[in-house]
Each structure stands twice: as C-alpha cells, then as structure tokens.
Amino acid sequence: MTAVTDRQKLQYIAARAADARVNVELETEGMTLNIGPQHPATHGTLRIVARLDGEQVIAAEPVAGYMHRGYEKLAEVRTYAQVTTLVNRIDWLGSFANEVPFILAAERLMEVEAPPRATWIRTLLFEMSRIANIILFLGDMGVQLGAITPVFFAFRDREYVLDQIERVTGGRFHPNFDRIGGLKDDLPKGWLEDTKAVMDKVRSFCDEIEDLLMGSEVFQERTRGIGIIPPDVALQYGLSGANARASGIDWDLRRDACVGLAYPEVDWKVWTHPDGDSFARFWVRLQEVREATRIIDQLADGVPSGPIMAKVPRIIKVPAGEAWVSTENPLGEMGYYVVSQGDLTPFRLKIRSASFNNISITPWLLRGVYVPDIVTILASLYFILGDIDR
Amino acid sequence: MAEDQTETAATAEAEPEAQVDEARAGIVEAFRAELGDAVEDAEVQPGRDVWIRVRTDAWRAAAEAARNSLGARYFCFLSAIDWLPSPYGRSMDAAVDVELARRAGEDPASPSTELAHGVTGGSTRFQVLARVADVGRPGGYWGVTLKADVGDDMTVDSWVPVYAGADWHEREAWEMFGLTFTGHPGLRHMYLPSDFEGHPLRKEFPLLARMVKPWPGIVDVEPMPGDDEEPADGSGDADGEGDS
Numbered sequence: 008m009t010a011v012t013d014r015q016k017l018q019y020i021a022a023r024a025a026d027a028r029v030n031v032e033l034e035t036e037g038m039t040l041n042i043g044p045q046h047p048a049t050h051g052t053l054r055i056v057a058r059l060d061g062e063q064v065i066a067a068e069p070v071a072g073y074m075h076r077g078y079e080k081l082a083e084v085r086t087y088a089q090v091t092t093l094v095n096r097i098d099w100l101g102s103f104a105n106e107v108p109f110i111l112a113a114e115r116l117m118e119v120e121a122p123p124r125a126t127w128i129r130t131l132l133f134e135m136s137r138i139a140n141i142i143l144f145l146g147d148m149g150v151q152l153g154a155i156t157p158v159f160f161a162f163r164d165r166e167y168v169l170d171q172i173e174r175v176t177g178g179r180f181h182p183n184f185d186r187i188g189g190l191k192d193d194l195p196k197g198w199l200e201d202t203k204a205v206m207d208k209v210r211s212f213c214d215e216i217e218d219l220l221m222g223s224e225v226f227q228e229r230t231r232g233i234g235i236i237p238p239d240v241a242l243q244y245g246l247s248g249a250n251a252r253a254s255g256i257d258w259d260l261r262r263d264a265c266v267g268l269a270y271p272e273v274d275w276k277v278w279t280h281p282d283g284d285s286f287a288r289f290w291v292r293l294q295e296v297r298e299a300t301r302i303i304d305q306l307a308d309g310v311p312s313g314p315i316m317a318k319v320p321r322i323i324k325v326p327a328g329e330a331w332v333s334t335e336n337p338l339g340e341m342g343y344y345v346v347s348q349g350d351l352t353p354f355r356l357k358i359r360s361a362s363f364n365n366i367s368i369t370p371w372l373l374r375g376v377y378v379p380d381i382v383t384i385l386a387s388l389y390f391i392l393g394d395i396d397r
Numbered sequence: 003m004a005e006d007q008t009e010t011a012a013t014a015e016a017e018p019e020a021q022v023d024e025a026r027a028g029i030v031e032a033f034r035a036e037l038g039d040a041v042e043d044a045e046v047q048p049g050r051d052v053w054i055r056v057r058t059d060a061w062r063a064a065a066e067a068a069r070n071s072l073g074a075r076y077f078c079f080l081s082a083i084d085w086l087p088s089p090y091g092r093s094m095d096a097a098v099d100v101e102l103a104r105r106a107g108e109d110p111a112s113p114s115t116e117l118a119h120g121v122t123g124g125s126t127r128f129q130v131l132a133r134v135a136d137v138g139r140p141g142g143y144w145g146v147t148l149k150a151d152v153g154d155d156m157t158v159d160s161w162v163p164v165y166a167g168a169d170w171h172e173r174e175a176w177e178m179f180g181l182t183f184t185g186h187p188g189l190r191h192m193y194l195p196s197d198f199e200g201h202p203l204r205k206e207f208p209l210l211a212r213m214v215k216p217w218p219g220i221v222d223v224e225p226m227p228g229d230d231e232e233p234a235d236g237s238g239d240a241d242g243e244g245d246s
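Just so you know, the sequences run in chain order A and B. Residue 367 in our numbering sits at position 360 of the first sequence; the count goes up by one each step and never skips. Residue 38 in our numbering sits at position 36 of the second sequence; the count goes up by one each step and never skips.
This is chain B alone, in the form it adopts within the complex (with noise of 0.2 Å):
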C-alpha cells in the first residue's frame, strides 16, 4: 500500500510537463462543453493551475458543472477580488514606492487608476472567484479556480445550493466587499459587529493604523554598508540586487 502510493506520487512527479497540461486543456474544454459560451476566458499555466471566467448569470451553472457533471465535489473557498487601485497609493506604502519609483525615474506623484485585471482577464471592479476540486481519488487529483465578473448592481447568485459550505464564504464576501448573493438562506455578518459600517476589503477603506502612522518601510530598503558605493556610480540599481 505504502509503495503503491508513493509510487503514484513518484510518476506524477515525474511526468512531462505537456502531458500535465493536456489534463488541464481537458477540464477547460470540459466546462465549455457544459456551459457553451458561458466561458468567457481561461488560462492554463502548464503543470500548475487553471483559471476559467465565466459569465456573471452563468456562476451557479458553472458550480453545478463543475459538481454535477465534473466530479469536483470538494468545494475549497469561495472569495472576491476588488480589482480598483488602492487611492492610498501603490501598495499603500508610499515611502518605499516614492524612493523606488525615484530610482527606476517614474513619477511617483500620479498612481495607476485604471483597472488592471490579473489572469484571465475582466471588465469590472469587482470580481468573484472561488476554487473547487476532485478529490478522494488518489492520482486523479484536479482542481479549478473560477472567476466571474459582478456588475454594478453588486449581485450574484449564490453557491450554496450547490456546495454548502459556500454559505460562510458568501457571508463572509458579503462583508468584507458588499457582494449580495441572490439565494443565500441568510446573508448576515461572520466576523464584524452588525452595525459595523462599510466593507473593509474594498480598496478604498481606508486601514486607519497605517494612515495614522505611517510604516517606517523606507528603513528596509536603505543601503546596507557594503552597498554604498552602487548607487554613487549612478547606476543605481532599483532592485537593490545582492546577495542575502
């Protein structure tokens, strides 16, 4: 038994990286099989994951997919994703991006407002994403990370019929973005008190230690003694390369 299973892991190891891949394309050609046009978009990082964007209406559908048709019974989270960049600045932690911007001679006054969807793309600010997977049979592990976009009306449907433990990940979405999820037995808050105002997660909530006291972050990326002479050439290198 114990050599059977670590063998299994042993050939897994081994395998090439497009025979991987292969079972990835599989599952996403299996969800556009099941939910047609409904796929907006996916990406399969060869031997790593895999992403599939579906159509706002099309999010229960794609659970049921993926449950029912596809044998992903195990449900593993489900969260969102507030695409706006932070008005605080980038990474909120100006010292640092101010000097590192210095370096690399960008101007560090205007931060980026616009949208920068990451894998698989979007249109809107915010997005749902949530991962599943097959799981119990050993070898034939697979698991999925979808996406999908939410309108303004900050609505979409809810998993819990299909998956219930999606119910505390929704509510839990619920505060912490504003999501509704139309369908949820009982959408009220996980961790805040119930007259907390506002949805932290979103990137314009301001956190209020870092306001009031700014991070000594600059400290980090100051030289360090052997380092000194870098930068006095002129060639300064913004990414501070050496060896650690």
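This is chain A alone, in the form it adopts within the complex (with noise of 0.2 Å):
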C-alpha cells in the first residue's frame, strides 16, 4: 500500500518537475539546435551547432571533419603525377580547377612551361569547371529558399557542360586530365563548335534563372541585407573569390595574378557588388558565369596550334625548393604551398582550399541571425565539403 502511494508521489513530482523543466527552458534558457551531419542544407556533411534564444542564434559552431581524407599527409607517399589524383576529388564539382594549380606549382619548381596550345585549352577546361560548379549553386540556391524548379534546370544544362569536359577528358567528374608540362590529349574534333553551342545554352539558363530567382519577391526578401559581410571582415577571415567581390573587394587572380593561364589573352570583367549580403553572393556568381561564357567564346575562336606537352623527363623527380601558386577557383582562392627536397613526392604539400576559410566566418556572421537564415546563409557562402576537410 505505501510502495504504491510512493510511486504515485514519485510521478506526481516527477511530471511537476518535468514541467518546470519544460518552463524554464522555454522562458530563460536557449535551446541548442543541431543541423546536420545529414542535413540537405549542408552540402555533404558539415555540421553546424547553433545555440538559440527563441528564434535568434546567439552562438553557432560548425563541427567539420565528417569527410577528412588526409591528402595532405597522402601526397607524402604519391608522385607528383598521382597527386593530381587526390586533388581532384578536393572540389569535386570543379575538379578540373583543382589540378592547375598543383601542375602550376611542380611546373615553376622543374622549370617547365606548358606549350602554348597546352595553356589555352587548361583555361578552356578551367572556366568548364567553373560554369559546371556554379550552375549547381545558381539552381540550389532556389532550393534552400523552397524553389524546387531552378535546381532541375541546373542539373540539366550543367550535364551539357559535363558532357563537353568528358569528351576531352573522359571523365565527368575527375577528370585527372593535367599533366607536369602540358595535358594528356588533344581537344577531340568538334569540341570548340560544340562548345560554343553549349555556351549559349549556358546563357539561357542564366536568363532563365534570373526570371525564376531573382525577381521573384520572395528571394528579394529573405535574400536582400541577410548576412552582410563588411569587405575587412571578410578579408581578415581570408574570404576569397565570389563571396570577396560580393563585399566589393575588386580582386580576382585570374586578373592580378595571373600564372600560367591565358586570361590576359581575353577582354573580360571581374564583376563586384558593394552590398555583401546574401543577395549580391548570388548576383556576382551569375555575372561569373556570364562571363566565363564570353571567357570560353573567345578562348575557343584562338586556340593556337602546336604541341600539347612539353619535353619532360618519364621519371618527375622534382627539384629542391618550395613554390606557392593559387589559382581563381570556382569557390574562391585555391593554392598549394608544395615544398619539394629533389624527391618523387612532396616533402609537405600545404593545400590552401576556398571553403575552408569561406566557412571559417560561419561563427561570426550566423551570430544574432533568425533560424530559417542560417540555411541561405550558407547556401550563399557556397562551398563544398570535401574543400572544406581535404
């Protein structure tokens, strides 16, 4: 008889207590809200710990590491010519970009320049990359605001320009087409007719899109002065590329420091955007790929002939000595600080990537933002996660 009236007690206080835990939660405390690792916002696995007071962040943590391949530690034990390999799978949406630079690098290190042809066509393919990496974000963006529609018109016209870069390739995706003193083959015949071709369905898509997003009141709204990035905030956090110009920072590699590539042999524009929200990420990136587009035009009208490959040795031992070449990625600024002691492998390959400090800012600009802010947020910053953890 008591046993039982004591586990009602036991209840009734139990349920009291429950309740006020409930209560004070509610009234003082903040909530901690979880996104991720599995979450379709986050591109991958990325996780972000957000601390909430009511719908407001107070505090947001992003947890990287879910995807840490070590390639750093990789390239230790890989020749020069199979760590373009690992680079590509860095970027995945761009791999192609991913090689220049590492290529640029090992070629400063030996001395070597690629033929002029070879040059021509690596930019042909690195703008490709850029225009196949950006489509998927002018399409997802639509789908983090809850428009569905942009993202197949993305996935369909990026499958033209993939179709374009397996032709010379042979692959999709990683394509592990560059090679220390030139490329692996020639251009196929056809390619630069066809290629314009599709740079005016590019076009389209991009007008299409503008239709879609950008006037659309919605987007306006939850895109226009959410999550500004004053241009010093963003250049002490290492902000590079598009999220760069969309705080008004009027740099671009391809234009400042240009190594290795042909972009000085084009009439081009880096475009910027002064407001740094949400809305001018998206608004440079599709200027970007207009551009690119133009970019290929006429890169595609003067391909010069000759060679694809410069005289190298079969076995690359690469000299001592340590180089740092970065490249104008799709994401942003990717770099590699290879140092070399005369061996087949690097001695340390630093791989400086995009997304890296692109994401680093997550803990400062998701301070004090609402809740349904952190996915466009992010989905504006743009980055992939293998080019977070490497």
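There are no misleading hints in this set.
The calculated lysine-lysine pairs, modelled on DSSO-like cross-linking and capped at a C-alpha distance of 27 Å, are: (1) Lys324/A x Lys205/B; (2) Lys203/A x Lys276/A; (3) Lys203/A x Lys191/A; (4) Lys205/B x Lys80/A; (5) Lys196/A x Lys208/A; (6) Lys191/A x Lys318/A.
Covered stretches of chain B (chain A as the covering partner; in silico rule of three or more C-beta atoms under 8 Å from a C-beta of chain A): (7) 73-83; (8) 127-138; (9) 141-147; (10) 184-198.
Derived by calculation from the structure, the hints in this document are not laboratory data. The C-beta atom is built at its ideal place from N, Cα and C for all residues, glycine as well.
Combine both chains into one complex, guided by the hints.
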C-alpha cells in the first residue's frame, strides 16, 4: 500500500519537475539546435551546432571533419603525377580547376613551361569547371528558399557542360587530365564548335534563373540585407572568390596574379557588388557564369596550334625548393604550397582550399541571425565539403 | 572598364622581371623597417614570390606589421612544416628509392637524418608558415610568405588577435603538428575525433595503409618496351629521359 503511494508521489513529482524544466527552458535558457551532419542544406556532412534564444542564433559553431581524408599526408607518399588524382576530389564539382594550381607549382619548381596550346586548353577547361560548379549553386540557392524548379534546370544544363568536359578528358567529375608540362590529350574534333553551342545554352540558363528567381519577392526578401559581410571582416577571415567580390573587394586572381593561364589574352570583366549580403553573392556568381561563357567563346576562337606537352622526363623528380601557386577557382582562391626536396614525392604539400576559409567566418556571421536564415546564408556562402575537409 | 582591366593585366605581364623584383625587394625592406633585426632571413625569387623568416618572438609582430602597416589585410593560410626527414625512408616509397639510388650509384640504406631547411633556412625541426596578401586594389596585388622557427617548447604566438581567420588554421596546425598557439581562444580538434592520439602530419607518424601494404611504386619505373636497350648499355639513364 505504502509502496503504491510512494510511486504515485514520485510520478507526481516527476511530472511537476518535467513541467518545470520545460517552462524554465522556454523562458530563460537557450536551446541548442543541431543542424546536420546529414541535412540537405549542408551540401554534404557539415554539422552546425547553433545556440538559440527563441528564433535568434546567439552562437553557432560549424563542426567539420566528417569527410577528412588527409590529402596532405597522402600526398607525401604519392608521386607528383599521382597527386592530381587526390586533388581532383577536393572540390568535386570543379575538379579540373583543382589540378591546375598544383601542376603549375610543380612546373615552376621544375622550370618547365607548358606550350601555348596546352595553356589555352587548360584555361578553357578551367572555365568549363567554373560553369559546371557555379551552375549548381545557382539552382541550389533556389531550393534552399523553397523554389524547386531552378535546380532541375541547373542539373539539365550542367550536363551539357559535363558532356563537353567528358569528351576531352574522359571523366565527368574527376578528369585527372593535367600533366606536368602540358595535358594528357588534345581536343577531339569539332569540340570547340560544340562548346560554343553549349555556351549559348548556359547563357539562356542564366537568363532563365534570373527570370525565375531574382525578380521573385520571396527571393529578394530572404536574401537582401541578410548575412552582410563587411569587406574588412571578409579579408580578415580570408574570404576569396565571389564571396569577397560580393563584399565589394575588387580582386580576382585571374586578373591580378595570372600564372600560366591564358586570361590576359581575352577581354573580360571582374564583377563586384557593394552590398555584401546573400543576394550580392548570388548576383556576383550569376555574372561570373556569364563572364565565363564570354571567356570560353573568345578562347575557343583563338586556340593556337602546336604541341600539348613540353619535354619532361618520364620519371619526374622535382628539384628541391618551395613554391606557392594559387588560382581563382570556382569557390575562391585555391593554392598549393609545395615543398620539394628533390624526391619523387612532395616533402610537404599544404593545400589552401577556398571553402575552409569561407566557412570559418560562419561563427561570426551567424551570430544574431534568425533560424531560417542559417540555411540561406550557408547556401549563399557556397561551400563544398571536400573543399573544407580535404 | 573591361578594356582597362585587360590592359592592366597585359602590362603586368609585359613588365620586365627586374621591375617586379624591385617591388618584391621593397616588401622585404618594408618588413625590415618595421621589425628591425627580428627579420632573420628573406628571399626574393624575381617575378615569382617573396619569403621572409622572422624570429619566433616576433611572429605576431610580423602579422601586425603586415596587416596594419603594410596593408596586407587578406589572410590566406597558416600552417607548419616538419623538416625531419621521414624515418620511413626518403619519399616513404622505399622500392622506388632503392631502385633510383642503385641506378645513381648511391647507398639507399642510410637515408639522411639532417634537417634540410628550404627557402630562408632555419634551425629548428618545426616551422610555422603563413601567407598574407594585399588585395582589392587592381594592379596592386602582392603577397608574402612568412615563416618562423618553433623551438622545443612547441609554442608560438597566435595570430587570431590580428587575423580572426587564423582561428581554424591554428586549430588544424595544433592537431596535425602538436604546436600550441599562445593567445588562441580555444584550441580543439578540427578534423580528428577528440580522443585521437598523435599528430598525423608529423613525419614520424606512420601512414598505416602504406606500412601494411607497400605501394607498387616500382611498377612505375619499369622500363618501357622501347627503353630496353638503354640499361643494357650500362649508361643507365637515372632520370629515365624519354618522350611522353
């Protein structure tokens, strides 16, 4: 009898206590919201732990590392030719662009220069990767705001670009096509004409996206004035690429420090936007795709003839030295610091990937925003998980 | 607008090397003026890049000079180098090394244990390196790689008070090399699980996959069918020079 009473008493107390806890949490304590690692808005396996006060974020901490593959260590036991296989997988949407700065750094240490034809084709494929990469962003941004249609257009039109990349390299995602001293193969017959036709399609895709999204009131409301990054903060955190240009920083490595690529030969423009908000980041990327189609059209008209490989030894031993080469990749500045001690493999390879810096700003940027904006801000920063974790 | 920018790019390309060299030497001079004798060594590769090595205790002062006085407001990366030659053999790729050393007439059995410091030298096993740049002024872009020795206490000043973006990079260097950054707001694991032991990017940290199963690297240096005659001559071309 007494035992039953005790249990009832305990249940009563427990119920009261649970009530009290709920009330206390709602009124005074914050709440921790765990986004990811498996979440559609995180493009992979980034986890964000957000501390909330009602609808507002008071602290946010991204947790990376779910996809760390240790490329810097692996590169120390790979020959230079094998490293391109690894770096392909850093930013997997624009993989060719990852190979280029590494190969350029190795070429600099070896004092080898690729012949002009190889340089032009490299630049062509580099810009193709940029389009393939950013097209997906343009579609995906809509999805994060509840617009499903743009992403289907994006996947449809990206396929045309990937087909062209595949025709040259044999791989849609991991071309592994760049070689020290040049390229693996020459362009297939008729490729340049077809590429120009694809560029027309990409341009009409850009117009479609602009019609679909940018005029929409919902899109404007959810992106204008949201997630503003002042230029000074952007530079401190090392933001690069379109994220920096959307904060009004007029900086593009293709123009300012072009190494071993054909950008000085063509007429193009660096787009910037003064606002620094989510909308500006979207807008700058949209213009960049259009600019890339212009670059490709011009390059396709003027590919010089000649060999595609310089003369290099079959066993590549890179002379001792250190070299830093970075290029303007689809996601931002991507660079390799190569330390060689005259061996078959790099002694140390530091990979500076754009998304790592671009996402390191999120604890600062997400402070004070509302929960639904976390997703749009992350989408507008545009990162690839492989590019954070390496 | 577009023409202006392509022109800038074209003139930058056409500049004679000596002039670019001057600009980079100017960067070294500016750092010397700011830091005095804390600049231990500097190297300029004309038309390419510039390195500056500072004393360990001037590591943060170098960042402050770069950012506040010289205008390099852009933080690119921060990392470290372990200069210890790998105890698992040069390149950790023993089969290839043995073969190449044999062809070159060297003794592959005793790999060097000397620290072979790269550009701008140094005296300690570990070095921190970082890169900053001045961006946002079309035509005025420049960048510099800064280095500093790290002594046996494995401690160096944090850059976070100067460049907020150094936070994650220092966490990475902390877990990968075991360096401690004084003044960092919270050194914790970036990639690895919190109970992970060891520092993977140190040279003595074994890459287990490679230990268990040797890489078939020797396959890569087997002579091609057309090259068969060369080693038979006895004139063995160690570099395997050939058309690709």
